[in-house]
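*Asks:* Sequences are here, hints too, so could you generate the full structure?
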Amino acid sequence: MRQWIRLATLAAMAAGLAACQSGYGPGYGGDPNSIEGLWLDPNGIQSSFSAGRFETRTTDTNTLLATGKYTYINPRLVQVDIRSLVRNTNARVNCSLVSPTRLNCTSNEGGQFSLQRRLG
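With positions in the sequence shown counted from 1, the corresponding number in the numbering used here is that position plus 13.
Treat each hint with caution, since some may be false.
Here are the in silico distance ranges between beta carbons for each label pair [to be verified]:
no.: 1; residue 1: Arg115; residue 2: Thr72; range: 12 to 20 Å
no.: 2; residue 1: Asn103; residue 2: Leu132; range: 29 to 37 Å
no.: 3; residue 1: Ser63; residue 2: Arg89; range: 17 to 25 Å
no.: 4; residue 1: Thr74; residue 2: Asp44; range: 27 to 35 Å
To be clear, the hints were calculated from the coordinates, so they are not data collected in a lab.
Even glycine gets a Cβ: it sits at the ideal position worked out from N, Cα and C.
*Replies:* Shown next, in the form of structure tokens:
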């Protein structure tokens, strides 16, 4: 009987944790320190971050513009290595998660831009 109660308790805890992780819509696990998910720039370009892989696409035709990888430097700073398919160039960008919905980025050349998390 005690083993059944322990299993039921563990199952309830697992279900509770899963519910906590399903947060703010597709692509966002609810972790305020994660960049995983979909992000938009002011021009309507969509970037996705998933399991260390990065992609940028147009929102109208879903054309792939860039690919790459990212690495966490610390819980709120990410280094992104980008390969532009449009310009045939490589770039490195550092992005700081300033809020759960805002990512401020600076390229090695000093260019700056911000991304907003796409919710829902």
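*Asks:* A separate judgement is required for each hint: does it hold in the structure or not?
*Replies:* Here's how the hints hold up against the structure:
1. Arg115 - Thr72: 12 to 20 Å: Between arginine 115 and threonine 72, where Cβ atoms are some 18 Å apart, the hint holds.
2. Asn103 - Leu132: 29 to 37 Å: Since asparagine 103 and leucine 132 have Cβ atoms about 31 Å apart, the given range 29 to 37 Å holds.
3. Ser63 - Arg89: 17 to 25 Å: Because 18 Å falls inside the window, the suggested range holds.
4. Thr74 - Asp44: 27 to 35 Å: This hint holds: roughly 31 Å between Cβ atoms.
Every hint from the earlier list agrees with this structure, and none is contradicted.
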